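Trainee: One-letter residues, chain by chain:
There are 4 protein chains.
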Amino acid sequence: MSDPVRVGLIGCGYWGPNLARNLHQIPEAELVACCDLDPQALDRMRMLYPHVITTSDQNDLWGDAGIEAVVIATPARTHYALARAALEADKHVLVEKPLAMSSQEAQALIALAEERQRVLMVGHIFEYHPAVRKIKALMDAGELGQVYYIYSTRVNLGRVQSDVNALWSIAPHDISILIYLLGEMPLSVAAHGGTFLNGVIEDVVFLVLRFPGHVLGHVHVSWLDPSKVRRMTVVGSRRMVVYDDVADEGKIKVYDKGVYRKGEDIYGEFQYRVHSGDIAIPRLDMTEPLRIECTHFAECVRQGRRPQTDGLNGLRVVRVLEAAQASLEQGGVDVSLARG
Amino acid sequence: MSDPVRVGLIGCGYWGPNLARNLHQIPEAELVACCDLDPQALDRMRMLYPHVITTSDQNDLWGDAGIEAVVIATPARTHYALARAALEADKHVLVEKPLAMSSQEAQALIALAEERQRVLMVGHIFEYHPAVRKIKALMDAGELGQVYYIYSTRVNLGRVQSDVNALWSIAPHDISILIYLLGEMPLSVAAHGGTFLNGVIEDVVFLVLRFPGHVLGHVHVSWLDPSKVRRMTVVGSRRMVVYDDVADEGKIKVYDKGVYRKGEDIYGEFQYRVHSGDIAIPRLDMTEPLRIECTHFAECVRQGRRPQTDGLNGLRVVRVLEAAQASLEQGGVDVSLARG
Amino acid sequence: MSDPVRVGLIGCGYWGPNLARNLHQIPEAELVACCDLDPQALDRMRMLYPHVITTSDQNDLWGDAGIEAVVIATPARTHYALARAALEADKHVLVEKPLAMSSQEAQALIALAEERQRVLMVGHIFEYHPAVRKIKALMDAGELGQVYYIYSTRVNLGRVQSDVNALWSIAPHDISILIYLLGEMPLSVAAHGGTFLNGVIEDVVFLVLRFPGHVLGHVHVSWLDPSKVRRMTVVGSRRMVVYDDVADEGKIKVYDKGVYRKGEDIYGEFQYRVHSGDIAIPRLDMTEPLRIECTHFAECVRQGRRPQTDGLNGLRVVRVLEAAQASLEQGGVDVSLARG
Amino acid sequence: MSDPVRVGLIGCGYWGPNLARNLHQIPEAELVACCDLDPQALDRMRMLYPHVITTSDQNDLWGDAGIEAVVIATPARTHYALARAALEADKHVLVEKPLAMSSQEAQALIALAEERQRVLMVGHIFEYHPAVRKIKALMDAGELGQVYYIYSTRVNLGRVQSDVNALWSIAPHDISILIYLLGEMPLSVAAHGGTFLNGVIEDVVFLVLRFPGHVLGHVHVSWLDPSKVRRMTVVGSRRMVVYDDVADEGKIKVYDKGVYRKGEDIYGEFQYRVHSGDIAIPRLDMTEPLRIECTHFAECVRQGRRPQTDGLNGLRVVRVLEAAQASLEQGGVDVSLARG
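Chains as they are written, first to last, in my numbering: chain S, 1 to 340; chain R, 1 to 340; chain B, 1 to 340; chain L, 1 to 340.
Warning: the hint list may mix true and false statements.
Heads up, the list lumps identical chains together, so a pair's fine if it works in one copy or across two of them.
To be verified - The calculated DSS-like cross-link candidates involving lysine-lysine, where the alpha carbons are at most 25 Å apart (straight line), are: (1) K136 x K262; (2) K228 x K134; (3) K228 x K262; (4) K262 x K134.
These are calculated hints, taken from the structure and not from any lab test. Owing to the predicted nature of the structure, the values given are computational and were not obtained by experimental measurement.
All chains should be built: construct the whole structure from the sequences, respecting the hints.
Mentor: And the structure:
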């Protein structure tokens, strides 16, 4: 096996420690440095990983030739500047979602990574989740028939953000899953939200996404909910799938259910027959998705490959977020994503 | 006790038999006649209630002086004409939801009931549901603090309609609950849907309702879903309630949870503190809501009282449906419900 | 189709009304008479089935030539005398579980039914339950491999009996299912219980049943439990089944799970490998088991067939109950069921 | 704060890494050495804690004056010899459950710890679990009324042992909880088991425990079950508690339920009334119980205090296990625990 990729982590607050743990554990990478503005966060890292360099100055990472790649897990609004600086210092970059706060910024990062010949990857973790990949495999194999609509609920209490709203904070997950599963961009998006806690930032957002072929997507995100729910339902003409990420047993249930037209009644109206068969709960690989993601990043760096969730993938999600934000600001109007 | 109200039932298909059973069982009413166009439906009624008159001609009911009241459980598009005929025959009327297919029709029924001095009631059953009444009591007592938003999911597989879409078929429940709980009409509604089965009728509809005081309502209805879900979440500033109508134990969970502002951080941004306390599952009266509804109707007839879900109550729901339908037809634009 | 069997029901208290409803609804039977000592119970029956004869005197049934069969749903201690009287009056008999309070009584009923050429059936309803039948089919097809053990929990709050203990009141269900699934009698039984409410009658009983081939059965019954649980687990060498009768969706889950020997370790001790594959939730016939049971009874009467749960079947369960009762009274010793 | 206790860990296989992680994280302790016979286990420890001494020779720990205390997480049959050696080397000892394989061994350890003035603690983790402590507090406050019986199910697939059976491997948890909650030893125990995988070692064990005051305990343990279940039910005369350790939300549910005598019926038999009120889900401290346990050990070492789960506590559990093993070997007879 080739040498582990030497990685510096920027941002050791909420999500960063999970990245650190995985980077520390996988043989493909080696966590060599941690950077955070909060000295307590660095203390915690030092206690867990005493051999790791800690610093509150990002420049220490840029100048360290021993660091090949950086992983950025900082507040969303800082992603662009940090990723830019990292690429300019010729580091490979894995940046948490969202890739950036505008498509312009995302495109700039893509161009820069291209120019510097560096890996640019965004942490759309659910594309590495065995459950999501299983659903994708079922869809690609035609098991679900024609996909009618997909809806997703991702709510919880807590992690209230004050720099970005629930759309930018939570919905990147659902948007990236939808684009991944359907294999294409939505044509348009409408967004409705509520700004309850401080009157400015949306705590709750509902998205309606229109995909080609009349496929409908719906997303509900919130950080103001009594229960932790992470559930997605894919309704196809032949089978339906419920993916409950919080379930212990049976994260994915495949329902052999469908509604079929059986003719017309005496008034000339269509009659339907409901078919309701077995339910299957496929066994899933239990590897932690973040471990798969980190390994993939390290392999792409080492082998010069383009990651599954590359800059373009990140840009697509940012474009949808941007359009959804515009819809939010215009009271829920449908915003087109068709390219001009 | 006064004499039982002698009731004729029109429509013995899907929901009608439940009405028949309750009308048969409560001492306040007596089921004396059943009317349906389908002879098999009448056969079933005769087998269960051999003493009951059965007929396929509604005129038999209008002319029968022994029938004081009729209950109408027919397809939605027939409600108006049947209720009108019943009132013109001086019968008291309980009509299933929706009261009518337009606010104009609903207003005409209200006027006619007024003129004929008859009870006009609509079967918004959830206003008689002990769970919904309990939530209302908690809200009225200030237990939830300020209500931020309420969202509802009412989906299932089956009962595909060919005369009305999922909005008119299912959403009247959610709309009537929202208006009941919040005690006022929404200011506007936006609706998004998908017409998967036949390309014309919406199988799935999402509603966004804006109430006074920045309260947000969201409704998801569908007859194209793998699982039966009937869940409503009320998010307040002090407590949150989840009402799961499908749960065996604990249909209502009251979460002592809230998010409180705890000051500003060093960047001047608001910081929030999540409070997460006990969960309470209040005991509920286990009486079947339909029994409560039927008893209420009979008592209103006998005592000349105005029912909780009177014609005006039915009109309010129809007005929201009408606006939502207009929004659906205009691609999801916000339709105002403010009176001209 | 042949004429419906004319049936009289004795016992209209707790379970009787369910029998009445099914006997009323199936075309194979006709409910013609109801008998109970409680006038209010008869009032309720008359209200639901105005055409039915009601009486508080069982002799009215014995002497009525229009009654071909009786269904007995009275307290357990009265089963024997009533079934005996019914058979002596040449009625076919369906008696609720347990068939009798001793194997001697059960044998006497079998002999009498033989002599009078009448159908004698016991209401071991779970043998007519599609879920139990599905498990039986999986076992018979070898899908589970070698069956190791089966355990069952059937607890609830309420239905506290003062004539019989939880063993005789609840455990007949579990015992009949175990004998049905395994196709043989246990070799021995040990029973442990607690008499909490009145110091004499067991409210809670645990049974340990030893079947041929080292198969182990365990049963936990109680009427003193906070939750309604009706769950049975069948552990086989190749697959395992959980049957949760209270579940809305997926009463039966078939786990592709097993433990396999993979050799010995360096100390000569066996090493095991756990296999954990997919879970399947087979679709089940949704017919009410009591309806299947009632139909089966009527068909056996009309066609002169021996029912699946005939007198001998009832005797087997009584013999296990008898042995378990003896164990209870001797502090839990193992009581053999081998024939002397 | 005083200096952290310098700890050596023996046994880095299944449970050891959890101990290592907690010992590493709490400020009250410092993990300084790891010992295991398996070089791969040591490799993993070294990777996670590069500063820690690793060795396959326990003598390296005994002779190291820098090690004040050892934590023993090895197979059960080795506990006694290792704990003995540690105490003889004047180390404080935390040994995983069971403390030893016989009461004689346990007593010898207690005497030795006394003699050497060292802390001897056993890892009965559930006595440190906030859920169990909450139940204890409810019981002590009389909230449950008179406790009738407690039953526990602790089953899973896997962790098949070849040195000890499911009784010694799993049931120590349940036995320690029962003794802790009820505050006294059982009077007797009966045990029934099944040896399915290799014909010698019990994979499944059922225990019946009789406590003073007619309180009944029942325990079901197994490593041969399709689902992970860890549930305990406490039935009291006034309230009942279900503790589901696998539940995400609401590990403890307190049911305001009870059965009350309401007099006698016309036959002189007792009549009962079921009371069924609210359910409460109290908020629990979310600290990992193992962290509480490790902190308690370190504090006892530093402050010279006797731990809650001291040697005597460990002995009590071993005495019950011993009696249960005797019962198993005698086919389930009741084995008395009264002192001679």
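Trainee: From the Cα coordinates, with 25 Å as the cut-off, is the pair K262 and K134 best called within, between, both, or neither?
Mentor: neither (31 Å within a copy, 29 Å between copies)
Trainee: With 25 Å as the alpha-carbon cut-off, assign the pair K228 and K262 to within, between, both or neither.
Mentor: between (40 Å within a copy, 23 Å between copies)
Trainee: Could you figure out if K136 and K262 sit no more than 25 Å apart (CA to CA) within one copy, between two copies, both or neither?
Mentor: neither (30 Å within a copy, 34 Å between copies)
Trainee: At most 25 Å between alpha carbons: which applies to K228 and K134, within, between, both or neither?
Mentor: both (23 Å within a copy, 24 Å between copies)
Violated hints, in rising order: 1 and 4; the structure is consistent with all others.
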